[in-house]
Each structure stands twice: as C-alpha cells, then as structure tokens.
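Asker: Sequence:
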Amino acid sequence: MAILKKIILLALSALTLTVVIAISFALWFSPSKTPAISGANLGTQPIAEQQRLSINGSEQYLLLRGANRDNPVLLLVHGGPGSPDTPFYRHHNAVLEQHFTLAFWHQRGAGKSQRSGLNPDDFTVEQFVADAHAVTAHLKQSLGKNKVFILGHSWGSMLALSTVAAHPDDYHAYIGTGQLADVPASEALAFQAALEHAKSSDDDAALAQLQKVGAFSGVPIDADFLTARAQVSRFGLSYDKGPFDLFIKPLILTKEYSLNDKIDFVREAQSLESIMSSPAFNLLPVIFNTDLSTEIPAVDVPVFMLQGRHDFLAHHDVAKDYFDRLNAPQKQFFSFEKSAHFPAFEEPQKFNQILIEQIRPIAN
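Under full-length UniProt numbering, residue 364 is the last one in the sequence shown; the count climbs by one each step, no gaps.
No lab work stands behind these hints: they were computed from the structure. Any given hint could turn out to be false.
[What the hints assert, rightly or not] Derived DSBU-like pairs (lysine-lysine); straight-line CA-CA distance at most 35 Å:
1) Lys255 <-> Lys199
2) Lys350 <-> Lys140
3) Lys145 <-> Lys255
4) Lys331 <-> Lys350
5) Lys140 <-> Lys320
6) Lys249 <-> Lys350
7) Lys199 <-> Lys338
8) Lys33 <-> Lys262
9) Lys350 <-> Lys241
10) Lys212 <-> Lys33
11) Lys199 <-> Lys331
[Stated by the list, open to error] Derived Cβ-Cβ restraints for the label pairs, each shown as a range:
12) Ala137 <-> Ser201: 44 to 52 Å
13) Asp264 <-> Glu295: 27 to 35 Å
14) Ala269 <-> Lys212: 22 to 30 Å
15) Asp70 <-> Ala230: 42 to 50 Å
16) Asn327 <-> Ser217: 22 to 30 Å
17) Ile362 <-> Leu253: 26 to 34 Å
18) Leu42 <-> Ala223: 47 to 55 Å
19) Asp300 <-> Pro184: 24 to 32 Å
Heads up, the beta-carbon is just placed ideally off N, CA and C, and yes, glycines get one too.
Let's have the full structure, built from the sequences with the hints guiding it.
Answerer: As structure tokens, this is what we get:
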C-alpha cells in the first residue's frame, strides 16, 4: 500500500509539473506585449505600439508596427464581423512591416477592443464606417500623413470599400481580398458547391443540414442557416494548407494576445451561441443581402483586388465581375491560384510582393 501511495504521489507530482510547465509555456508566449521591430530596413524611428483609442463612444484597440515611421501607413480592416486577424498577418506577412507602418485595428466589440457595455443598436454599417474613418484620422494626425492605404478582408472588404467611397481624399488606394460583391449571388454559388461536396463525400449529416435550409439567398439568418453555411468552411476556407499552419500556430505564437485573448478567440470561433449572442450578429442580415455592384458602382481611388481562385465564401468569379464593372481611376485584379478565402496567408510571398512592389509606389 505504501509503495502504491508513493507511485500515485509521484504520478500526481509529474502531472502537476507538466501542467505548470504547460501553463508557463503558454503564458510565456502570451505576454500581451508587442516585440520591438527588427530587420534590414530599420529606420531611425521604428514603431511598435499598442494603443487604446476612444472611438465614437467605445474603446478600440490599435496595434502599430513598422520599421520606419516615414513609410506609408496600411490600415488593416478585418473580417467576421468580429474576427481580428492580427496573429495571422503578424506571422505570415511580417515582411510588410519593413515597407509599411501596419495598423491592426480591432473593430467595435471585437478582439482586444471593448467587449462589454456596448449598445447593439450601434452595430450598423454606418457606425463602423464612422469608426474606420475616425481611426484613419487618428493615423493621419499621429503619424503625420496626408493619406493611408486601406486593406479589407471579407466583411472588412465591404467596410473598407464603403469607407473609401465616403472619404476618398483620405486614402492612397483600396485593397480588397476575400472581396465581397454581390453577396446573394455568391451565396447561391456557395450553396451549390457545398451541396455537391456533401453528395460527393457521402456526408449525409451535412446534406441534411443544407437541404433543411435550402439555397442560402433570401433565407433567415438564424442558427439553421449558420450551421448549414459552416459546411462551406469545411472545404472552401483554404485550398491546400491545413488550419494548424494557417491559423493555430500563428495564434499560439502571437505575443500581442494574452492567454485569455487566445482562449476567447478559439471559443468564439467554435461557438454558434457566441456568434448569435454577439452585438455584431446585427450586421449579418445586412451583409448577406448586400450587392456592392449597385451600392458602390464607382470609387475615386485606385482599386486592387487580390482574390483566391478557390474562394467559395466570397466567390472569385462574383468578385471579378464586380471588379470589371467598378469605375475607378486605376484598378488591377490578381487571382491566387493556390488560395481560397485567405490569399494573404495561403500565398503570402505573392501577396506581400504585390503590396510592396506594385501598390506601395502609389504613395510616392
């Protein structure tokens, strides 16, 4: 009995030590601080700052990183709504810090921005455009710039383009990726693709969910719809890279997030209840019924779209059709043949090269 007790105590001690080491490791990778800038293009005034701004009645988070304050500013507008992509840009696109001052903005109610005490009635496209423009004004004033670049992904592409359309004088150019356009048309194609995938893979559960909802266009945005639409993410989120390399590893390694930030990110990404209880849920009916080709037929700044060929969440061909009809003083469309919804992370070398070599010179 004494020997058994010793074995149990040793096992518990080993387990406790393992847990302590694991927690210590997780905390070491989660200091909620941003590291100093390094690199070949380091200027006399690099910047690596986390800021909390009062934007139109709510506290919002902004991370600034760049090798030289003299570089042009690139404001990154994330998708979701409510899904900041800071860890993924920091991991896959860090080279951009050598050529731009990157501004990672966490939108109202998202990520490291204020999460409680928010009025759901403030979650409108108009309010988010006002927020984006206020962040732009802050960047211009604090960094001494006349204009900035703005890059929007997915829902962020709708928000960023709407902001540019309303305030063109503040922006060098608009950059869209995972570009939303005629969302009902894109959703109809997404439904057909999901249906075919479920049939070809003999996934009866997915097929039942899809058939219960029917074509995605014009249906209520409720739990059944979100459950069925999640089937598209199973095959249309990325092309040939797994979630660990694309998302999980960058999230684990990011220094700007605390351990609680990382846990919240995973919990909210996986929980339908979290999505539906978020004030940002108010935006979904508007997003899913938007056709930017009629709402924004023209903008007064150069436009660049970087779209994954295999994107079914924001269909490549629908985005290209919108691009072809969009009036802009200069425009260029780039297809990423080995990407789906995240070209910036799936083909980062090509993505970064386009921004550095073809888009950045516009600021000169």
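Asker: Hints first: check each against the structure and report whether it holds.
Answerer: Here is how each hint holds up against the structure:
1. A hinted pair counts as satisfied when its Cα atoms are at most 35 Å apart, and Lys255 with Lys199 does not qualify at roughly 42 Å.
2. The straight-line distance between the Cα atoms of Lys350 and Lys140 is roughly 28 Å, inside the 35 Å bound, and the hint therefore holds.
3. Restraint check for Lys145 and Lys255: satisfied, since their Cα atoms lie roughly 28 Å apart, inside the 35 Å limit.
4. Straight-line distance between C-alpha atoms of Lys331 and Lys350 comes to about 18 Å, which keeps the hinted pair within the 35 Å bound.
5. For the hint pairing Lys140 with Lys320, the CA-to-CA distance comes to about 31 Å; that is within 35 Å, so the pair holds.
6. Proximity of Lys249 to Lys350 is assessed by CA-CA distance (about 21 Å); at most 35 Å being required, the pair is judged to hold.
7. Only pairs whose Cα atoms come within 35 Å are accepted, and Lys199 paired with Lys338 is accepted, the gap being roughly 24 Å.
8. The straight-line distance between the Cα atoms of Lys33 and Lys262 is roughly 14 Å, inside the 35 Å bound, and the hint therefore holds.
9. Of the supplied pair hints, the one linking Lys350 and Lys241 holds, its CA atoms being roughly 16 Å apart against a limit of 35 Å.
10. A threshold of 35 Å between alpha carbons decides the hint, and for Lys212 with Lys33 the separation of about 46 Å lies outside it, so the pair is violated.
11. Distance restraint check for Lys199 and Lys331: the Cα-Cα separation of roughly 39 Å exceeds the 35 Å cut-off, and the hinted pair is therefore not satisfied.
12. For Ala137 and Ser201, the hinted distance range of 44 to 52 Å is satisfied, since their beta carbons lie about 49 Å from each other.
13. For Asp264 and Glu295, the Cβ-Cβ distance of about 33 Å falls inside the hinted range of 27 to 35 Å, so the restraint holds.
14. Between Ala269 and Lys212 the C-beta distance comes to about 23 Å, which sits within the given range of 22 to 30 Å.
15. Evaluation of the 42 to 50 Å hint for Asp70 and Ala230 yields a pass: the beta carbon distance comes to about 44 Å.
16. For the pair Asn327 and Ser217, the beta carbons lie near 26 Å from each other, so the given range of 22 to 30 Å is met.
17. For Ile362 and Leu253, the hinted distance range of 26 to 34 Å is satisfied, since their beta carbons lie about 32 Å from each other.
18. Taking the beta carbon of each, Leu42 and Ala223 are about 50 Å apart, inside 47 to 55 Å as hinted.
19. At roughly 27 Å, the beta-carbon separation of Asp300 and Pro184 lies within the given 24 to 32 Å, and the hint holds.
The structure shown violates the earlier hints numbered 1, 10 and 11.
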